[in-house]
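Undergrad: Next come the chains, spelled out residue by residue.
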Amino acid sequence: MAAPESGDGNNGAARMVTLISSDNTRFEVEAAAASLSQTLQLTILDGGGGGGDGIPLPNVDSATLSKVLEYCIKHAPAAANGGAPNATAVDRAELERFDNEFVNIDQSVLYSLIMAAHNLEIEGLQSLVAKKVADMIKGKSPMEIRRTLGFPDPTPEEQAEMNAHMLEYGWAYE
Amino acid sequence: MEASPPCRRPQPPSPASSLGPLPPEILQTIISHLPIRDAVRTSAVSRAWRRLWETTPDLALEWGCGTDLAVADAVLARYSGPVRSFNFFLHQEARPFELFPSYEEAFERADDWITILAGKGVRSLTLGFSEDSDDLPHTLQTTLFSCRELTRLRLCNCDFPLVPEESVRFPNLTWCSLDSVGFKYAGEKDVVALISGSPLLEVLWLKDPYFPYDENSFKKGCVIEAPNLRHLKIVSEDDFGWKMGDLPSIETVEINIKDYDINRDFVQLMTALAEVKKLILKMPVSCFLFLVAGFIYHHVIQETNSSHTVF
Numbered sequence: 001m002a003a004p005e006s007g008d009g010n011n012g013a014a015r016m017v018t019l020i021s022s023d024n025t026r027f028e029v030e031a032a033a034a035s036l037s038q039t040l041q042l043t044i045l046d047g048g049g050g051g052g053d054g055i056p057l058p059n060v061d062s063a064t065l066s067k068v069l070e071y072c073i074k075h076a077p078a079a080a081n082g083g084a085p086n087a088t089a090v091d092r093a094e095l096e097r098f099d100n101e102f103v104n105i106d107q108s109v110l111y112s113l114i115m116a117a118h119n120l121e122i123e124g125l126q127s128l129v130a131k132k133v134a135d136m137i138k139g140k141s142p143m144e145i146r147r148t149l150g151f152p153d154p155t156p157e158e159q160a161e162m163n164a165h166m167l168e169y170g171w172a173y174e
Numbered sequence: 001m002e003a004s005p006p007c008r009r010p011q012p013p014s015p016a017s018s019l020g021p022l023p024p025e026i027l028q029t030i031i032s033h034l035p036i037r038d039a040v041r042t043s044a045v046s047r048a049w050r051r052l053w054e055t056t057p058d059l060a061l062e063w064g065c066g067t068d069l070a071v072a073d074a075v076l077a078r079y080s081g082p083v084r085s086f087n088f089f090l091h092q093e094a095r096p097f098e099l100f101p102s103y104e105e106a107f108e109r110a111d112d113w114i115t116i117l118a119g120k121g122v123r124s125l126t127l128g129f130s131e132d133s134d135d136l137p138h139t140l141q142t143t144l145f146s147c148r149e150l151t152r153l154r155l156c157n158c159d160f161p162l163v164p165e166e167s168v169r170f171p172n173l174t175w176c177s178l179d180s181v182g183f184k185y186a187g188e189k190d191v192v193a194l195i196s197g198s199p200l201l202e203v204l205w206l207k208d209p210y211f212p213y214d215e216n217s218f219k220k221g222c223v224i225e226a227p228n229l230r231h232l233k234i235v236s237e238d239d240f241g242w243k244m245g246d247l248p249s250i251e252t253v254e255i256n257i258k259d260y261d262i263n264r265d266f267v268q269l270m271t272a273l274a275e276v277k278k279l280i281l282k283m284p285v286s287c288f289l290f291l292v293a294g295f296i297y298h299h300v301i302q303e304t305n306s307s308h309t310v311f
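So the protein sequences, as listed, match chains X and Y.
Per full-length UniProt numbering, the first sequence runs over residues 1 to 174.
Per full-length UniProt numbering, the second sequence runs over residues 1 to 311.
It is worth saying that the hints were derived from the structure and are not from the lab.
Only a predicted model underlies this, so the values are computations on that prediction, with no experimental measurement involved.
Glycine is no exception: its CB is placed at the ideal position from the N, C-alpha and C atoms.
Each hint should be verified, as a subset may be incorrect.
Said to hold, decoys possible - To list a few chain X residues with every Cβ distance to chain Y over 12 Å, as calculated:
{"no.": "1", "residue": "Thr18"}
{"no.": "2", "residue": "Thr39"}
{"no.": "3", "residue": "Ile44"}
{"no.": "4", "residue": "Ala80"}
{"no.": "5", "residue": "Asn81"}
{"no.": "6", "residue": "Arg97"}
{"no.": "7", "residue": "Leu110"}
{"no.": "8", "residue": "Ile114"}
{"no.": "9", "residue": "His118"}
{"no.": "10", "residue": "Ile137"}
Claimed, not checked - Ranges of calculated distance between the beta carbons of each label pair, as one might list FRET restraints:
{"no.": "11", "chain 1": "Y", "residue 1": "Lys282", "chain 2": "X", "residue 2": "Arg97", "range": "51 to 61 Å"}
{"no.": "12", "chain 1": "X", "residue 1": "Ala14", "chain 2": "Y", "residue 2": "Ala74", "range": "27 to 37 Å"}
{"no.": "13", "chain 1": "Y", "residue 1": "Ser80", "chain 2": "X", "residue 2": "Leu45", "range": "33 to 43 Å"}
As the list claims (entries may be wrong) - Some chain X residues close to chain Y (C-beta under 7 Å, calculated; not the full set):
{"no.": "14", "residue": "Ile20"}
{"no.": "15", "residue": "Asn24"}
{"no.": "16", "residue": "Leu95"}
{"no.": "17", "residue": "Phe98"}
{"no.": "18", "residue": "Asn100"}
{"no.": "19", "residue": "Phe102"}
{"no.": "20", "residue": "Pro142"}
{"no.": "21", "residue": "Ala160"}
{"no.": "22", "residue": "Gly170"}
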């Protein structure tokens, strides 16, 4: 839970780390922002990612990483305050507005983001994207959910299983 | 026309509009954000989603009015927990009469649910019973105290089980609202035991509590002491002699009593609540006039007398 800023005399300038996407693009970002990722946090606390070295992220392409870092940079100050007990209502409303806007994206981008948030273990982002998908499928029938998520039409077996479920759990479809 | 072909048939999924395969733990994170009906329906979406809701932690099992008891039974039988929240209102209008076996039977089901929910680590529990005054209120079983993970508890129109003394009953409870809840075993002592057995309690609402009539216990009153209590609200017809003890964290207090005890010691009450940030004291006009008269007597006449003795 310690604040990610290291006390190694780097006063004034925040410590920076470099992340390298799967397509070899280098992103320089404040350590505090990158530390929102549980996966990266340990490496960064150990002093990794600085200078000429970078932390390679073979599962995240540059478009997705840039989007992930946009989220981390926005949320880092609040996270550094330990969930922001001093945050004003205005700050919180601003973060909420940012979050809503942030997930207003194509499903393919959303998909990459879900996978990246999962791999990098960024708790807030994992929850944000999951909630977005939940909102997309809320109130829909299984067939409508399939269409919403872009699944192909069900096979006859799948269709039979769907019908069986509707029979067994009729109350969930009322 | 060729540039914009009519799309009569469902389009094959294009990369931009399709969510690819997701691992089960991500699907479960998605399911955990859904109400229970939606969560159960996801089971039929595809094989990847099949029965995932049953092992998704922290689902909210919240039922609207009119839900069949058997539905809650079925879900509790399948769902592994832990349960984030469970709420159910067993009202008369909930089901047509012939479908609603009897209150006794329905209320016993609620007791079974509490036992099951205790095993599934329920964190927020809301149970409302019939408001029909012809029915005897249902007395909850002591299995309620097995719900040790509870952080929120809301009960309406039932009797509280006997609160065992001298032990922590709800170690995590921070929010407690009891509406028309009876304490028929030990009266005010049960309330005191409940409060002292919930050391983290921050919010307590007591609306129309019911106590067995006992002249002596009323005179002694019930002293509310809680180290973390921030918000307290008491609404009742009768003055059960509530007294305020040590409340170091208190911020707001609302007391709305229709019929204050003639011997009610308002000075003790006000002194004990001196640190409160917001105090709402509601009382009938007659009682207010009585209070003002008492204030004038204590602070004007008596002080005048004392000043006479000094000079």
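Undergrad: Going through the earlier hints one by one, which of them does the structure break, listed in rising order?
TA: Violated: hints 7, 8, 9, 10, 11, 12, 14, 15, 16, 17, 18, 19, 21 and 22.
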